[in-house]
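Model the placement of chain P on the given structure of chain Z, informed by the hints.
Number of protein chains: 2
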Amino acid sequence: MRLHVVVLVVVGLVAGAVTNMSPASGDASGDAAPIFGVKIPEGYRDWRLISVAHEEGKLNDIRAILGNDLAIKAAREGKLPYPDGTIIARLAWSYDPLAESSEAFGRPQSYVAGAPKNGVQFMVKDSRKYASSGGWGFAQFDQGKPASEAVHNTCSSCHAAVKARDFVFNRYAP
Amino acid sequence: MRLHVVVLVVVGLVAGAVTNMSPASGDASGDAAPIFGVKIPEGYRDWRLISVAHEEGKLNDIRAILGNDLAIKAAREGKLPYPDGTIIARLAWSYDPLAESSEAFGRPQSYVAGAPKNGVQFMVKDSRKYASSGGWGFAQFDQGKPASEAVHNTCSSCHAAVKARDFVFNRYAP
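Each protein sequence line maps, in turn, to chains Z and P.
Residue numbers for the first sequence follow my numbering, beginning at -13 and rising by one.
Residue numbers for the second sequence follow my numbering, beginning at -13 and rising by one.
Next up, chain Z with everything else stripped away, as it sits in the complex (with noise of 0.2 angstroms):
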C-alpha cells in the first residue's frame, strides 16, 4: 500500500517535470485572441529554438522561433505536416546596435535585442478545430493582451505563401 503511494508520488513528480517541459496546449492563461480562440501558452519563453530571424522595412526586429516539444521534433526531423498539439512561439525584440561593438569597430558591427517589439505570435496545430485554416490557430498578444480581430484576419493569407512547408516559415536551425 505504501509503495504504490510512493509510486504514484513518483509518477506524478515525474509528470510534473514533463508539462513543466512542455506545456499541453490546454495550459495556457490570460484572455484569448480574436477568431481562433488561442490563449497564451504557460512557459513558452523556456521552449527550445527552432530558429532566428532579422526582419528588415516597417517590422525592423531581430526574432528567435521556439517551439514545444512536438514542434521541436517535427522541426528537426522536417517532417511535414506537423502533429496536433505543436505550437510555435515567435518573438520579436528591437533592433539595437551594441554600443561596445560600435565604439571597438568605428561603425555598427553587433545587432542585438533590445525591448520586446510586434508582439509575441502563437502557431497552433488542430486539425479539427482549425480545419479551415490549414490546421493552424493563430494568434497575437501585444504586452500580453490579444491583437485585434483585424491583425488576426491577415495571419492566414500572409501564411498561405508556404502553405508548401504547412504554413510554416521557419525551418530548424541545425
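Calculated directly from the structure, the hints in this document are not laboratory data.
Among these hints, one or two may not hold up.
A pair counts as met if it fits within one copy or between any two copies, since identical chains are not told apart.
Said to hold, decoys possible - Straight-line Cα separation of at most 20 angstroms, EDC-like style, residue types lysine to aspartate or glutamate; simulated pairs:
| id | residue 1 | residue 2 |
| --- | --- | --- |
| 1 | 59 | 70 |
| 2 | 149 | 86 |
| 3 | 103 | 32 |
| 4 | 59 | 32 |
| 5 | 149 | 42 |
| 6 | 44 | 82 |
| 7 | 65 | 32 |
| 8 | 25 | 55 |
| 9 | 44 | 86 |
| 10 | 59 | 128 |
| 11 | 149 | 89 |
| 12 | 44 | 89 |
| 13 | 149 | 28 |
| 14 | 65 | 55 |
| 15 | 131 | 70 |
| 16 | 131 | 13 |
| 17 | 25 | 82 |
| 18 | 65 | 42 |
Predicted model, so just to flag it, every value in this text is computed and none were measured.
What follows is chain P alone, placed relative to chain Z:
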C-alpha cells in the same frame, strides 16, 4: 526497506531528469579546445534562449545565445558575476534572405538562419580554474573540432570590452 529503495529510485529519476535538462559542465564530449581545455557540453542545442544577434562585416551571420540553467537564471536576474558552473553557448548561422518574403515584398524583407557558420563558441565560468582570464574559459569549435590556439588567444582581449558586465556581451531578451 522497500520504501527506501523506491525513494532512491525517485531521487535517481528526478536527478536524471534535471541532469538531462541541464548538463553539468562535466558532461562534455570530443576533443578539448586549446588553452582553456573546454569540451563541447552535451545537449547544449537544447538549452534555453538568452538572446539573439546579427553580426555585420566579415562575420555576416545571425546568431543565438543559449545558456545552461545557471546561465539562464543569472541572465534573467541580471545578477553579476555569473556563478561557477555557468555555460553560455553562442551558435551562428549564415545570414540568408528568405526567398518567399523577398518575392512577396519585391526586395529582401526577412533574413533567416542558413547553414552553421563561424563555429560554435562557449564561455565556461570557473573562477578558480580560469582566474587569470576573469573566471571564464573560452572555446570555439568548427564543425565539432576545436579551433586553433591562435583563435583562442583572441577571446579574452575582445571580451575585455565588456569587463563591467562580467565579460559577457549579451543581455537577456525578455
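Here is how each hint holds up against the structure:
no.: 1; hint: 59 with 70; verdict: within (13 angstroms within a copy, 32 angstroms between copies)
no.: 2; hint: 149 with 86; verdict: between (42 angstroms within a copy, 11 angstroms between copies)
no.: 3; hint: 103 with 32; verdict: within (19 angstroms within a copy, 25 angstroms between copies)
no.: 4; hint: 59 with 32; verdict: both (16 angstroms within a copy, 11 angstroms between copies)
no.: 5; hint: 149 with 42; verdict: neither (23 angstroms within a copy, 32 angstroms between copies)
no.: 6; hint: 44 with 82; verdict: both (15 angstroms within a copy, 19 angstroms between copies)
no.: 7; hint: 65 with 32; verdict: between (23 angstroms within a copy, 19 angstroms between copies)
no.: 8; hint: 25 with 55; verdict: within (18 angstroms within a copy, 27 angstroms between copies)
no.: 9; hint: 44 with 86; verdict: between (26 angstroms within a copy, 17 angstroms between copies)
no.: 10; hint: 59 with 128; verdict: neither (28 angstroms within a copy, 25 angstroms between copies)
no.: 11; hint: 149 with 89; verdict: between (44 angstroms within a copy, 15 angstroms between copies)
no.: 12; hint: 44 with 89; verdict: between (27 angstroms within a copy, 17 angstroms between copies)
no.: 13; hint: 149 with 28; verdict: neither (28 angstroms within a copy, 35 angstroms between copies)
no.: 14; hint: 65 with 55; verdict: within (14 angstroms within a copy, 29 angstroms between copies)
no.: 15; hint: 131 with 70; verdict: neither (25 angstroms within a copy, 38 angstroms between copies)
no.: 16; hint: 131 with 13; verdict: within (17 angstroms within a copy, 41 angstroms between copies)
no.: 17; hint: 25 with 82; verdict: neither (29 angstroms within a copy, 32 angstroms between copies)
no.: 18; hint: 65 with 42; verdict: neither (29 angstroms within a copy, 33 angstroms between copies)
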